[in-house]
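Number of protein chains: 2
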Amino acid sequence: MQYPQPIAKLIEGFTRLPGIGPKTASRLAFHVIDMKEDDVLEFAKALVHAKRDLTYCSQCHNITDTDPCYICNDSHRDKSVVCVLQESRDVIAVEKMREYTGLYHVLHGAISPMDGIGPEDIKVPELIKRLQDDTIQEVIIATNPTIEGEATAMYMSRLIKPTGIKVTRLAHGLPVGGDLEYADEVTLSKAIEGRREL
Amino acid sequence: MQYPQPIAKLIEGFTRLPGIGPKTASRLAFHVIDMKEDDVLEFAKALVHAKRDLTYCSQCHNITDTDPCYICNDSHRDKSVVCVLQESRDVIAVEKMREYTGLYHVLHGAISPMDGIGPEDIKVPELIKRLQDDTIQEVIIATNPTIEGEATAMYMSRLIKPTGIKVTRLAHGLPVGGDLEYADEVTLSKAIEGRREL
Numbered sequence: 001m002q003y004p005q006p007i008a009k010l011i012e013g014f015t016r017l018p019g020i021g022p023k024t025a026s027r028l029a030f031h032v033i034d035m036k037e038d039d040v041l042e043f044a045k046a047l048v049h050a051k052r053d054l055t056y057c058s059q060c061h062n063i064t065d066t067d068p069c070y071i072c073n074d075s076h077r078d079k080s081v082v083c084v085l086q087e088s089r090d091v092i093a094v095e096k097m098r099e100y101t102g103l104y105h106v107l108h109g110a111i112s113p114m115d116g117i118g119p120e121d122i123k124v125p126e127l128i129k130r131l132q133d134d135t136i137q138e139v140i141i142a143t144n145p146t147i148e149g150e151a152t153a154m155y156m157s158r159l160i161k162p163t164g165i166k167v168t169r170l171a172h173g174l175p176v177g178g179d180l181e182y183a184d185e186v187t188l189s190k191a192i193e194g195r196r197e198l
Numbered sequence: 001m002q003y004p005q006p007i008a009k010l011i012e013g014f015t016r017l018p019g020i021g022p023k024t025a026s027r028l029a030f031h032v033i034d035m036k037e038d039d040v041l042e043f044a045k046a047l048v049h050a051k052r053d054l055t056y057c058s059q060c061h062n063i064t065d066t067d068p069c070y071i072c073n074d075s076h077r078d079k080s081v082v083c084v085l086q087e088s089r090d091v092i093a094v095e096k097m098r099e100y101t102g103l104y105h106v107l108h109g110a111i112s113p114m115d116g117i118g119p120e121d122i123k124v125p126e127l128i129k130r131l132q133d134d135t136i137q138e139v140i141i142a143t144n145p146t147i148e149g150e151a152t153a154m155y156m157s158r159l160i161k162p163t164g165i166k167v168t169r170l171a172h173g174l175p176v177g178g179d180l181e182y183a184d185e186v187t188l189s190k191a192i193e194g195r196r197e198l
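Protein sequence lines, in the order shown, are assigned to chains A and B. When you number the first sequence by the numbering used here, it's gap-free, plus one each residue, and the end is 198. When you number the second sequence by the numbering used here, it's gap-free, plus one each residue, and the end is 198.
Just so you know, not all the hints are guaranteed correct.
[Stated by the list, open to error] Away from chain A, derived, C-beta distances all over 10 angstroms, residues of chain B:
no.: 1; residue: Pro119
no.: 2; residue: Pro162
no.: 3; residue: Arg169
no.: 4; residue: Val176
no.: 5; residue: Thr187
no.: 6; residue: Ile192
no.: 7; residue: Glu197
[Claimed, not checked] Okay, the calculated beta carbon distance ranges per label pair:
no.: 8; chain 1: B; residue 1: Gly194; chain 2: A; residue 2: Glu42; range: 45 to 51 angstroms
no.: 9; chain 1: A; residue 1: Pro22; chain 2: B; residue 2: Asn144; range: 18 to 24 angstroms
no.: 10; chain 1: A; residue 1: Ala151; chain 2: B; residue 2: Glu37; range: 29 to 35 angstroms
no.: 11; chain 1: A; residue 1: Pro22; chain 2: B; residue 2: Arg27; range: 16 to 22 angstroms
no.: 12; chain 1: B; residue 1: Glu99; chain 2: A; residue 2: Arg27; range: 20 to 26 angstroms
no.: 13; chain 1: A; residue 1: Pro162; chain 2: B; residue 2: Lys23; range: 37 to 43 angstroms
no.: 14; chain 1: B; residue 1: Leu159; chain 2: A; residue 2: Tyr182; range: 52 to 58 angstroms
no.: 15; chain 1: B; residue 1: Gly19; chain 2: A; residue 2: Asp133; range: 45 to 51 angstroms
no.: 16; chain 1: B; residue 1: Gly194; chain 2: A; residue 2: Arg27; range: 28 to 34 angstroms
no.: 17; chain 1: B; residue 1: Lys23; chain 2: A; residue 2: Ala171; range: 22 to 28 angstroms
No lab work stands behind these hints, which were simulated from the structure alone. Ideal Cβ positions, reconstructed from N, Cα and C, are used throughout, including at glycine.
Generate the whole structure from the sequences, applying the supplied hints.
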């Protein structure tokens, strides 16, 4: 037996989203049928608008509905520092901290030879081009603390350092509020390596 | 910092779905932005169509795009047996078995005094009305093996039995392929209670 066509199509649509299997998809689809029609219409519109109205900032490559994005456009931000991130979502994480006032550069990925992703496939060349401008004095590399993120950080640092621009990397160590007992060996060894005098 | 308006709206839309928190919602929203525009349009259409084109069968209350639904309409099905289920999704589960050839009755819930849901709030009166027809000879109650499902089964059985119609309930016991060691006490006790001679 098959679901009626309209619900089968909706389930298929949900299944295409990441992390949603057939069971969850059918649960979501049935939920949609029980929603108010206006809410469903609004959600459908939000999908289309998000796809159509969003673009990437031509300067920092962050996702935006204006170009340049409002961060690049903000005259109060410190234009001498650029924080390099893997994804647009990471910008939100840093912004939430409310302490960083510099600019961003979103790579949209990390170097991963295993997956055939080289520096040219992510926004590394665009970063190098941005740095030719004299205003940038520090590049904070905040790629993920994973093998790919570290490789990307190393690659960029080797590329940028000769230009005299300061290159920094976020500290590795124990997460605040974490338990030493549950820290993995690599994190612990990084935390010891990066220890500071009190 | 806020997300650009179009993505914030989409995240909000995803958050309204069951089991999707803010983190998953933002992951899904960013995925949508990376999808092909055609695929997004199709998904948006599927949402609206599922909401607009689906209705409930006036006989069995299963979700359908035709009324009566194609099961009620199928002349090959055994019209003397009705399987009573809590949700439309359960119909799919039973149909997948490919052994049941009778009709269905979807209650859209279970009796739950704690939540203020009585027999009148689910499709119990509609079932009783259906049974006034002489064709139905057996009612298989396949509500969930939960407190609410059991209460609903007991309530309906007391209501139907006096009419002389056979009322049966799905067997409780160990799931096939399961491990005795991991069976909970209640299931195990039900399995012993329902043991059969070999």
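Now the hints, each set against the structure:
Every beta carbon of chain A lies more than 10 angstroms from that of Pro119 (chain B), the smallest distance being close to 20 angstroms; the non-interface claim holds. Residue-level check passed: Pro162 (chain B) sits 33 angstroms from the nearest beta carbon of chain A, beyond 10 angstroms. Every CB of chain A lies more than 10 angstroms from the CB of Arg169 (chain B), the least distance being 23 angstroms, so the non-interface label holds. Under the 10 angstroms C-beta cut-off, the non-interface status given to Val176 (chain B) relative to chain A holds; the minimum distance is some 19 angstroms.
Non-interface call for Thr187 (chain B) relative to chain A: holds, since the shortest CB-CB distance, roughly 21 angstroms, exceeds 10 angstroms. Distance check for Ile192 (chain B) against chain A: the nearest CB is about 31 angstroms away, which clears 10 angstroms, and the non-interface claim stands. The beta carbon of Glu197 (chain B) sits about 34 angstroms from the closest Cβ of chain A, which is more than 10 angstroms, so the claim that it is off the interface holds. For Gly194 (chain B) and Glu42 (chain A), the hinted distance range of 45 to 51 angstroms is satisfied, since their beta carbons lie about 49 angstroms from each other.
In this structure the hint that Pro22 (chain A) and Asn144 (chain B) lie 18 to 24 angstroms apart at CB holds, the actual value being about 20 angstroms. Roughly 33 angstroms separates the CB atoms of Ala151 (chain A) and Glu37 (chain B), a value that falls within the hinted 29 to 35 angstroms. Our hint of 16 to 22 angstroms for Pro22 (chain A) and Arg27 (chain B) holds, since their Cβ atoms are close to 19 angstroms apart. Checked against the hint of 20 to 26 angstroms, the C-beta distance between Glu99 (chain B) and Arg27 (chain A) comes to roughly 25 angstroms, which is consistent with it.
Remark: the range hint 37 to 43 angstroms for Pro162 (chain A) to Lys23 (chain B) is upheld by a beta-carbon distance near 39 angstroms. Checking the proposed 52 to 58 angstroms range against Leu159 (chain B) and Tyr182 (chain A) shows it holds: the Cβ atoms sit about 55 angstroms from each other. Remark: the range hint 45 to 51 angstroms for Gly19 (chain B) to Asp133 (chain A) is upheld by a beta-carbon distance near 46 angstroms. In this structure, Gly194 (chain B) and Arg27 (chain A) meet the distance hint of 28 to 34 angstroms, their C-beta atoms being roughly 30 angstroms apart.
Separation of Lys23 (chain B) from Ala171 (chain A) is about 24 angstroms and conforms to the stated range, judged on CB atoms against 22 to 28 angstroms.
Violated hints: none; the structure is consistent with every hint.
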